[in-house]
Each structure stands twice: as C-alpha cells, then as structure tokens.
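Q: One-letter residues, chain by chain:
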Amino acid sequence: MKNKFEFSILGNPNSGKTAIFNLLTGLNQKVSNYPGITVEKKSSNIRINNKDIILNDYPGSYSIKSQSIDESVVRDAVLSWMSNIDSQPDGIIYVADITNLRRNLYFFSQLLPLDIPIIVLLNMSDIVDPNQVVDIEKLKKNFNVFDIIPFSASKKYGLENLKTTIERLVETNLTQSINNSLKLSSSNKNLLKPLFDIINNHLKLSKKIIEDLSLSIFSSESFCNKLFFNDSVKTQLLNERKRILSVIDNDMLQSIRTLESDLRYGFIDEVLYKSDYKNIKKVKLESKSEKIDKVLTHSILGPILYVGLLYFIFQSIFTFASVPMDFIDSLVTSFGNNVYRNLPSGMFRDLIVDGIIAGVGGVVIFLPQIIILMFFMILLEDTGYMTRVTFMMDKYMRMMGLHGKSILPIMSGYACAIPGIISTRTIDSWKERLVTILILPLISCSARLPVYVLMIGAFIPNVYIFNFFALQGLVMVVMYFLGTVTAFILAKVFSKFLSERSNPTLIMEIPPYRLPIIKSVYKQLINRSKLFLVNAGKIIMLISIALWFLVSFPKIDGESVQISDSYAGKMGHLIEPVIEPLGFDWKIGIGLITSFAAREVVVSTLSTIYNVEDDGDDMINLKDAMKNDINPKTGKNVFTPLVAVSIMVFFVYAAQCVATFAIVRTETNSWKWPMFMIGYMTALAYLMSYFVYNFGLYLGFS
Amino acid sequence: MKTLYSLNNNSIAKISHFGDLKSMTRLLEMGMISGAKVRLIKKTPFGGPVQVKINDYYLILRKEDATKIYIVNSNEK
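From first to last, the protein sequence lines stand for chains A and B.
If you're matching positions, the first sequence starts at 525 in the numbering used here and goes up one per residue.
If you're matching positions, the second sequence starts at 12 in the numbering used here and goes up one per residue.
Just so you know, not all the hints are guaranteed correct.
What the hints assert, rightly or not - List of simulated lysine-lysine pairs, BS3-like, C-alpha gap at most 30 Å: (1) 808(A) / 25(B); (2) 565(A) / 713(A); (3) 1016(A) / 33(B); (4) 48(B) / 665(A); (5) 13(B) / 54(B); (6) 48(B) / 955(A); (7) 919(A) / 13(B); (8) 728(A) / 713(A); (9) 1160(A) / 1147(A); (10) 25(B) / 955(A); (11) 815(A) / 679(A).
Keep in mind the hints are simulated off the structure, nothing from the lab.
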C-alpha cells in the first residue's frame, strides 16, 4: 500500500480554499475578501496519522473554461487529470460556499466525471447553517461523493472531521469512485455523437469524460483549442462542430448556445431538489451589505468617500508614525554609541558603527510607516471594500486604458509593486494587464517612503496651512499624487500604442462585507515587516559594507583621505556633471548609484557617508548632517528645500528596483518590457527633476 | 424588447435570451441562464458597470453585456 497521497483543493474564487489550506498546513498564505487572491498553485506536505499527504491549493475558478491566467492554472490541471489517470490526485477537497450553493456546484459538476473521490466542504457554515439549506445525507447520496462536511474556516469548525475523513479516504485505498454526474438525454447524445466518436477514436478516456468534453467543445470553440488533442483532432472536432451547427435551424440555435449551462444547472437543480434544497435567500431580499452599499457605492458619495479615505491613509502615515519613529531612532543611536564605546578603536569598529549600524539603522526606522500603510491596505481588501472600488472605478479606469481590476494591483503598488504585478493575472485582457504592469512602478511604493520622509522631515517646515493641513503631510500627498497621476496619463498613452489580443470584460462577484480576521491581519503585517527587515538585513547590509569600504579607501599612509577623494567619491564625481542640472552633488550621485538595487538604499548610503565623514565619537543625526553640509566650492548648502523636492521628484519616477524588473520579465515573458520600463522611467525622472529644479530656481528658490 | 440594462433600480425580471455577447460563456456559468430571476441593484454613472443580484449573490457586469441580455417581466414585485 502506498504511503504518499495527494489532495487538491478546488472551488470558486473567494470560497475560502486558502484559509482551509492554511488550517490544514499551518502555513500563512495570504487570504482576503477579494476574488482571485491566490494566483498560482501552492503545495505543502502534511502528515495525518503517519501518512504523508501533499496538499495543493489552486486558484479559485468558476469553471474549467478559464477566462484569465490564474484560472488557466486550474483548467490545465483538470485537463491533465482527464488525459492521464496517473496524474490524478488521490482526492479532491471541493470547497463550496454554502451561502451560495447552487452556483458553487457548477464547477463541481465539471469535476464529477473524473471519478476522483471528492470531499465537499460546505464552508461559511457559521453564517448559514447547512442543515437549514439542504439535507446533507441526501445530497451526498445523490452526487455519490465520498463525503460532505459542514465547515467554517473562520471558526475552525469541521477541521477535525475533515482530517478524519481524509484519513478514512486514504485508508480505504479508494482509487476510483463512481460519482453521479450529468447524463445526456438520448436526443442530446445523438446531437453530440459525431464529436463523441472523434474523441473516442483517438484517446482512451472514460465514456463519462468524453460525453462531458463533447458537450463543452460543442458550446465553446476557444475551449477546444486549449485541449490536449493534437491539431488534426482539433481541426476535425471544430469542423464537425461547425457542420452540426449549420444544419440546425435558427430557432434552435439560441437554445444550442446555452445548452451546456442549461444542462448543468438542470442537473444541479434536480439533485438539489431531490436533496430537499431550500433557497433561503431570495433575489428580492436586501442583504446587510447591500444596505451599506447604498452609501459606500453611491454614484456620487461613493467615489468621494473613496478619495477621502485615500487622503486620510496617506496623511496618517505621517501623523501616526512620528512617535514610534523617534523611538527607533533614539534606540539605533544609543545602540551605535554603546557599541562604539565598547569596541577597541580601529577599522573594525568603524565598519560596524559607521558602515553597518548607520546604514541598516537608517532604513529600519521606517518600519512604523510601512506597517501603518500595510494595515490600511489589508483592511480595505479583507472587508470586501476593494471589490466595490473595482465596481465604482471600472468606467474611469477604462477611460485611462486600464481595467476595473487594475485598481487592486495599483493599490497594492503603494506598498510594493511586486505583489501588485503578480495580482494582475486576474485581468482577463492582455492589453490592459500589460498596461497595468508597465505603469505600476510609478505608484509610490513603501521603499520611496524613507526617501520622502527623510527629505520632508529635514527640509519642509512643520507648519500648518489654514490651521488645518500640515505642510509636511501635504508635500507627501503631493508626491504620491504626482506618481499616481503620471501613471494614469501614461496608461492612456501606452494603450494607444498596444492592440488588444483578447475579448475583455468585467464580470465579478461582489462578496458580502466581512469583519477582517484579526489573526490574519496580524500575520500579514508580521510577514510584510519580516520581508522589509530581512531585506534591510541582506541587501542594505551588503551595500552598506561595500559602500563603507568604497568611502573609507584608498588610505594614504594609513590615513583616510577625504571622502571626496575616496573610491566612492570618485564614482560620485564621475556622474556629477550629468546630475548637476538637477541640483544634485556627487554625494547624492553615490546614492543614486547604490539605490538602483532598491530605492531605500539611498538613505542608508547618505547615513554611511556622513558617519564616515564625521570625525566625532558619537553617531550623527542624518537630518542635521544634511542640513549643515556646505559645498566647499560654492559655499552654499548642499541640500536646500528645492534640492530636497528635486530629489523626491526624481525618486517618484526613477527606475530603481532590480526585483521589479525581474518580476516583469517573468510575468511578460520577455526582456522587452522591463527594458522599456527602465528606459521610460529614467527619462521621465531626469526630465521632471530638471524641470522642477530649474523652475524653482527661476521662481527665486535656491 | 427590454434588456437588463433598461431595468429600473431595484426591480426584478426574468432572463429570456441573449444577444450577440462576447462574454456569454462566463455569464451562463455564473447562473445568468434563461429563466433565472435577477434584480438590478444599481448602475454606475457614465455608462459604467451595473450591479445585479442573481440567485443568492451579487454580481457586477459591464453595460455592453447588460444591454444584450433580454428580459421578460417577472410576477414577483
């Protein structure tokens, strides 16, 4: 008897598959209240009663006829199970949302002919009691599936039952079950017989699967092209399909187009009827969420509230974070000073204090802001609000050459472009997806935040306009606004030059509002913080160490030269002529070079440069050092408010994140698009920064 | 003939048949089949998408799809 088993979790989008996967595996895959959060297959090993079980979590799907890239993962898996019995999992865990049972059974009906043993979980049982909806025993008998279990992923209800059921399935060593699937009437069989015969002559498949496939091919030409047949069989099938359709008279044609869904829903309704199904939620019933939406998606009030919310979020990044930031700042400084006092003087101490602690500490301080931003983003998504934003904004997004579903990637782009780019897979339009990817890096991500905060904190006065708008917060919002507006304008421009390859539309389920699960919010925040700190620990530490050497060497007669004459200084001087028109000196030049790896590195770079330059014993305050830095040539300040603004504008536009380009390469399958991205962003950064600096000079700023 | 898009907010109708729809397959799979009852919840301005309730859940679809779904009156108020 074998000892390794494979189970696949399938179901509609937003039905709770990933939450159940997390419960079984103890992992922390992201869950949310937005259809399509899982975009690729995730696998994990678990042990139930000494049996090794591989658990696969698939993206949600409404049907094996996929409409987007994430759904095609599911289609390809199911099709391979059809064509090759050996690739089939030992069991399917099908997650069905009990509050919406009938539609959840459509995709299920396409899995039944596989005759893989199925365990059905009726999820969301805490909201609706399954026993009030349907007779579970009868339902199980009528579908003839392995088991049906009431479940609640949020209340962990049914988990033990699920585990023992998996164990029971594994132990019975059931390789095939005989599910009760859709049976064609004799007239439909006759209609589909030519298709049936073609498949039957070419492949050894079960009669059930062939019948089901002929029905699916009959109602969709594009689906046929995705199948596992060779091209000559496909051509035969499509020709035969055309021939059948041509002999049918016009009156019949209308019902032929809807044949598959009519038959499937007919089959589902029949089984449900025999299982005492009670449709408790009628079409005319107004749900609580619908009442809330009277305000939140109101045609005028809704968008205003949304924009107000965004403004509140970005202002609060500045307001709420100042206390914890000051705290971390003083912690880093006193830690650095302690280390300084307790280590013998020499190069090693300089490397630790001026290189590593100054560099890494300079970036870690921005953790509170990133946490605050992430917290709001998670709330918007987990409550279900983001689906409403998709609904409200679709029209406006389309005017800009984007798609309603571009909103979620753009919003997550404020945290980091990478998850945003990955989540574009749910967009069914090739063109709109590509445009979304191309403009995403213009959305100010959290790596720009340290740059903005440093520059604003040091050079923008802390005053209030009309006693209400904090100037510092306002400048910050303007930076975010600048990136976002440019992103939309460019989206429009790019979409003029690209042609569509698919038939895009927007068909999306609006889930009920749900209270976010505190544990899930907390775990997402921890994951995100870890990522940031590990990043700080790896990339920034490495760059800080390398930079310290470049700044501290060469040594002449054992003495350090001026930074200006160090290796790093020479590099900075080399590019200074290019960046001087933007108001940047060679020190900022060094920062621009190092920040190509990741934007926040510019902060650690400046921190390291000023710490090495400083002869004193204590760690210096980066803001003060920048304020007091005088250019020896001109006798003027290196940094002025105008220079600070010019730097920020440069960072709004510049292409400075190696990880993003790598992801764009994988997602678009070509080097063309990341190259294009680097090109247009660099040009934009230079031009905009040049314009802002010189316009500022013209207005009389220095 | 009346289409889904021509419905007033909060009124219920039955789906009768479909015009030439690009995205018909997905709508059918989602339960928008003939005979199904739908209630129009709201339309977004400037010809944006509409929200409907079908069976027991809420769905949004674009105007160009909603104008090609033909409806008949339902006896339900």
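Q: For every hint, state whether the structure bears it out.
A: Against the structure, the hints:
no.: 1; hint: 808(A) / 25(B); in the structure: 12 Å, holds
no.: 2; hint: 565(A) / 713(A); in the structure: 36 Å, violated
no.: 3; hint: 1016(A) / 33(B); in the structure: 24 Å, holds
no.: 4; hint: 48(B) / 665(A); in the structure: 29 Å, holds
no.: 5; hint: 13(B) / 54(B); in the structure: 16 Å, holds
no.: 6; hint: 48(B) / 955(A); in the structure: 34 Å, violated
no.: 7; hint: 919(A) / 13(B); in the structure: 23 Å, holds
no.: 8; hint: 728(A) / 713(A); in the structure: 19 Å, holds
no.: 9; hint: 1160(A) / 1147(A); in the structure: 17 Å, holds
no.: 10; hint: 25(B) / 955(A); in the structure: 35 Å, violated
no.: 11; hint: 815(A) / 679(A); in the structure: 26 Å, holds
Checked against the numbered hints listed earlier, the structure breaks hints 2, 6 and 10; every other hint is satisfied.
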